[in-house]
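Asks: The chain contents come next:
Number of protein chains: 2
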Amino acid sequence: MIKEIQLEKELTKPLYLQLYSQIKGLIEEGKLQAHDKLPSIRKLAKGLQVNTVTVVNGYNVLEEEGLVYKKVGSGTFIMPNEQIKDKIIPGEGQADDSELKKEDEEVINFGTVAPSPSLFPIQAFKRLLNQVLDRDQGYAFGYQKSQGYLPLRESIAQYVENYQIEIGAEQIQIVSGAQQGLDVLAKTFLDYGDTVFVERPTYPGAISAFKSRKVELIDIPLEKDGLNLEELEVLLKRYKPKFLYLMPNFQNPTGYSYSLKKKKELLKLADQYELLIIEDDCVSDLNYLGQPRKSLKALDTEDKVVYLKSFSKLYMPGLRLAFMIIPSSYCEDILVSKYLSDIFTDGLVQRVLDLYLRREDWQEQLNCLKEKYSQRYQVMITALKEYLPPNVDYIEPEGGLNLWLKLPQQVSATKLHKVLRKDGVNIAPGALFYHTKPHKNRIRLSIAAVTCQQIEEGIQQLGQRIREELKEEGDYRFDESMMPLV
Amino acid sequence: MIKEIQLEKELTKPLYLQLYSQIKGLIEEGKLQAHDKLPSIRKLAKGLQVNTVTVVNGYNVLEEEGLVYKKVGSGTFIMPNEQIKDKIIPGEGQADDSELKKEDEEVINFGTVAPSPSLFPIQAFKRLLNQVLDRDQGYAFGYQKSQGYLPLRESIAQYVENYQIEIGAEQIQIVSGAQQGLDVLAKTFLDYGDTVFVERPTYPGAISAFKSRKVELIDIPLEKDGLNLEELEVLLKRYKPKFLYLMPNFQNPTGYSYSLKKKKELLKLADQYELLIIEDDCVSDLNYLGQPRKSLKALDTEDKVVYLKSFSKLYMPGLRLAFMIIPSSYCEDILVSKYLSDIFTDGLVQRVLDLYLRREDWQEQLNCLKEKYSQRYQVMITALKEYLPPNVDYIEPEGGLNLWLKLPQQVSATKLHKVLRKDGVNIAPGALFYHTKPHKNRIRLSIAAVTCQQIEEGIQQLGQRIREELKEEGDYRFDESMMPLV
Numbered sequence: 001m002i003k004e005i006q007l008e009k010e011l012t013k014p015l016y017l018q019l020y021s022q023i024k025g026l027i028e029e030g031k032l033q034a035h036d037k038l039p040s041i042r043k044l045a046k047g048l049q050v051n052t053v054t055v056v057n058g059y060n061v062l063e064e065e066g067l068v069y070k071k072v073g074s075g076t077f078i079m080p081n082e083q084i085k086d087k088i089i090p091g092e093g094q095a096d097d098s099e100l101k102k103e104d105e106e107v108i109n110f111g112t113v114a115p116s117p118s119l120f121p122i123q124a125f126k127r128l129l130n131q132v133l134d135r136d137q138g139y140a141f142g143y144q145k146s147q148g149y150l151p152l153r154e155s156i157a158q159y160v161e162n163y164q165i166e167i168g169a170e171q172i173q174i175v176s177g178a179q180q181g182l183d184v185l186a187k188t189f190l191d192y193g194d195t196v197f198v199e200r201p202t203y204p205g206a207i208s209a210f211k212s213r214k215v216e217l218i219d220i221p222l223e224k225d226g227l228n229l230e231e232l233e234v235l236l237k238r239y240k241p242k243f244l245y246l247m248p249n250f251q252n253p254t255g256y257s258y259s260l261k262k263k264k265e266l267l268k269l270a271d272q273y274e275l276l277i278i279e280d281d282c283v284s285d286l287n288y289l290g291q292p293r294k295s296l297k298a299l300d301t302e303d304k305v306v307y308l309k310s311f312s313k314l315y316m317p318g319l320r321l322a323f324m325i326i327p328s329s330y331c332e333d334i335l336v337s338k339y340l341s342d343i344f345t346d347g348l349v350q351r352v353l354d355l356y357l358r359r360e361d362w363q364e365q366l367n368c369l370k371e372k373y374s375q376r377y378q379v380m381i382t383a384l385k386e387y388l389p390p391n392v393d394y395i396e397p398e399g400g401l402n403l404w405l406k407l408p409q410q411v412s413a414t415k416l417h418k419v420l421r422k423d424g425v426n427i428a429p430g431a432l433f434y435h436t437k438p439h440k441n442r443i444r445l446s447i448a449a450v451t452c453q454q455i456e457e458g459i460q461q462l463g464q465r466i467r468e469e470l471k472e473e474g475d476y477r478f479d480e481s482m483m484p485l486v
Numbered sequence: 001m002i003k004e005i006q007l008e009k010e011l012t013k014p015l016y017l018q019l020y021s022q023i024k025g026l027i028e029e030g031k032l033q034a035h036d037k038l039p040s041i042r043k044l045a046k047g048l049q050v051n052t053v054t055v056v057n058g059y060n061v062l063e064e065e066g067l068v069y070k071k072v073g074s075g076t077f078i079m080p081n082e083q084i085k086d087k088i089i090p091g092e093g094q095a096d097d098s099e100l101k102k103e104d105e106e107v108i109n110f111g112t113v114a115p116s117p118s119l120f121p122i123q124a125f126k127r128l129l130n131q132v133l134d135r136d137q138g139y140a141f142g143y144q145k146s147q148g149y150l151p152l153r154e155s156i157a158q159y160v161e162n163y164q165i166e167i168g169a170e171q172i173q174i175v176s177g178a179q180q181g182l183d184v185l186a187k188t189f190l191d192y193g194d195t196v197f198v199e200r201p202t203y204p205g206a207i208s209a210f211k212s213r214k215v216e217l218i219d220i221p222l223e224k225d226g227l228n229l230e231e232l233e234v235l236l237k238r239y240k241p242k243f244l245y246l247m248p249n250f251q252n253p254t255g256y257s258y259s260l261k262k263k264k265e266l267l268k269l270a271d272q273y274e275l276l277i278i279e280d281d282c283v284s285d286l287n288y289l290g291q292p293r294k295s296l297k298a299l300d301t302e303d304k305v306v307y308l309k310s311f312s313k314l315y316m317p318g319l320r321l322a323f324m325i326i327p328s329s330y331c332e333d334i335l336v337s338k339y340l341s342d343i344f345t346d347g348l349v350q351r352v353l354d355l356y357l358r359r360e361d362w363q364e365q366l367n368c369l370k371e372k373y374s375q376r377y378q379v380m381i382t383a384l385k386e387y388l389p390p391n392v393d394y395i396e397p398e399g400g401l402n403l404w405l406k407l408p409q410q411v412s413a414t415k416l417h418k419v420l421r422k423d424g425v426n427i428a429p430g431a432l433f434y435h436t437k438p439h440k441n442r443i444r445l446s447i448a449a450v451t452c453q454q455i456e457e458g459i460q461q462l463g464q465r466i467r468e469e470l471k472e473e474g475d476y477r478f479d480e481s482m483m484p485l486v
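First to last, the protein sequences are chains G and V. Numbering follows the working numbering, with no gaps: position 340 of the first sequence is 340. Numbering follows the working numbering, with no gaps: position 306 of the second sequence is 306.
Be careful, since some hints might not be right.
Note that the list lumps identical chains together, so a pair holds whenever it fits in one copy or between two copies.
35 Å max Cα-Cα, derived DSBU-like pairs, lysine-lysine [what the hints assert, rightly or not]:
| hint | residue 1 | residue 2 |
| --- | --- | --- |
| 1 | 43 | 145 |
| 2 | 406 | 268 |
| 3 | 385 | 440 |
| 4 | 415 | 145 |
| 5 | 422 | 70 |
| 6 | 145 | 418 |
| 7 | 71 | 237 |
| 8 | 437 | 126 |
| 9 | 294 | 71 |
| 10 | 422 | 440 |
| 11 | 71 | 145 |
| 12 | 46 | 440 |
| 13 | 126 | 372 |
| 14 | 70 | 31 |
| 15 | 261 | 422 |
| 16 | 385 | 261 |
| 17 | 9 | 126 |
| 18 | 224 | 145 |
| 19 | 214 | 240 |
| 20 | 437 | 214 |
| 21 | 294 | 3 |
| 22 | 145 | 440 |
| 23 | 437 | 418 |
| 24 | 70 | 294 |
| 25 | 422 | 145 |
| 26 | 268 | 71 |
| 27 | 3 | 370 |
Derived from the structure by calculation, the hints contain no laboratory data.
With the rest of the complex left out, here is chain G (with noise of 0.2 Å):
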């Protein structure tokens, strides 16, 4: 193997990135197998006469991205195929979204709604950076208010007023991510003992950290037009929640939208129930047809809903940084649970996006990747209208990055998974959306981190496995070993 390694001192990748590759590249072309031994460190080292530490580091970007793994005291060995195809493996990010690189195509991998790092603007971040450090120095990396940089709170502020939401720099709490928004909203009102409502099915992460302070989740079936309200009304008289936590537009996993109608009477509900909201707003942005999914909070008249929102879906996917709005009976307590949490969130990030959000391009990137995410969509709905057998039951959100399917009766969506990722194909059981009982049939699709064409094919896919599950009529049981989800 060594004897096909050649490293270019002269270039300016840097060497154990060429190695990476080089070794990419033999594995990729049959050279090296499933379970093959990778020269040790030294000897690899001293065949191509470099410093360990460029061997060391080019197998752990390999390792890094699920290429190969290490047997302590017995070396660095290939995965096997199957496996490699699990990964997600990110591209090598070039801002530039014409062309996904390979990587991203060795997988169809509609189980993330992690978007594509390559559908963001990295160059222009980066230059925003860059002015940031030049005018701030130090500042940037001093220690920051809790609440969170002041001129980013007033330029939020201001950005909310496209949502006809109106509200002051001094109700918004800078969150380390939508996450954190959830711990430490969890971390304020929520006790031992306590009860909370969610939607059923609801985003995982929101169940793990209501849950991690010990309280009862109650879940009200979500409807396509929203919550069910009667039976919202019917609990709310039983029970005295601390909050219900929902997402009214483009809902994950589901994709549902509450009517206009649906959410004019859950605030009143609210209002007579002193029932606090949490509005967990991913990607109300992301409308691909009408006009855009009115906030709860922007209808929210009584101070009766908290708004969190991230940024990672419309800005950058690796940026821990959120929002929330705040009623201001609560801006003081939330802000001890934040302090607790991590005392401040970074201050270069917020900088950055203080900038990018006053610059005024954000418009432009949300156009941007609107278009990207609607050319997507439509191949969706189109590829799901011709693949699918008939008796698949979803419906088309018009926006967001999920679809929601219900398969026929006996298709078990843990064992449709399962087959899938040996064709390389992933997507979302939708146990992992319910704190009990789940159901069996449901799976989640995005268009996050997939191409047109991956959609096309992996659709076809899908539909020829759902056929054939439906001849075999087989009888499997719900499998706990699943993968993470974001």
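Dock chain V against chain G, hints included.
Replies: Relative to chain G, chain V alone:
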């Protein structure tokens, strides 16, 4: 006022920062006085022929710096002097420490352990940041693994060999700062009704993180050479604590370090009583005299110690990055708690720190930092000897950032704190570091954010005020309205 401001559009310094500096200058010269109203945004923008955004930004920086305050509906006003002095005003962040900026000198701040940004290698950080961006592009911004970026975990595994700790990358969990580490540990181990042992006194952020899980905190007296082990053993016979939280080297707030003998005895007790120990190692690197202090983890042969270390005191104060070394049996539970706290830690800073550790200028940075702190420490000790009355009791910790003073019984730390604030000197009253029955005559002095000259002046002032209090022998009550501390 408008006439006195001249913005130069040719300068590279942004207009809003020019505006900020000039208004700040007018305040310093006394031309703008407490409660003076600044011109309206529209008026000033018109007068200076700049965009209103420029004025808004300039005013924001002034507010962020605590130099002005806003009243909704009526405008922006100059903050009264004594309130300005309360603020910790960061320097404009020159990487060169030789001349601390005037802002830093306005208040002599013994009250914070957050180091002056000027102590840190900002230019190097910026260079590394750009190298990471060039090298990794989109990788740096994508979703990261919850356990942390593998190459960083490997560099840390190598780095802790300096502390005689031998572990693999798989035992390392990256967290977004030490406070998050405490929060993650609390989530993992603590539940309603559990018991936790802590040192008395201890770090208030730990008290809050543990209390948030509704546990019973039991504190054990910390002596000058470590925890009172007799008392610990008595309590271990009575309780089954989930863990014992401690800082064995240069403790916060006391600066005390455990003797090697006590460290070993403590580990024996841990083994005997199956006690899990959380070791918070903030600044064991900062020994100014004698040998480096051994960590408990280095002595821990039975895997009874979770080791937590932040980089904010040693690398960049605002960096939200720390790591934990975890006994293998707990790795998975802790990973789940990390996941539900914020899913993952920012990938960009993980990559920068990784590069930094690999480039090996770490030791140089550390030596440079130690030299500066060591100077301050020497000046501090000399000043304490010279200016304090002989009945003030303290030990010389020989390292770290803190000194812990026991004042004569009749002197109230809280009153002293108030009196000194008016003099422009800030100290941390000891009561903050006890969760029950605080001693009222202890204070913590930190050398993290003061120059040598400030130490000289500040301690002289402190000595004088203590003498005055001794004369007065006034009777003051404990006042809880105290500043938040880091």
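Asks: Go through the numbered hints given earlier and state which of them the structure violates, listing their numbers in rising order.
Replies: 7, 8, 12, 15, 21 and 27
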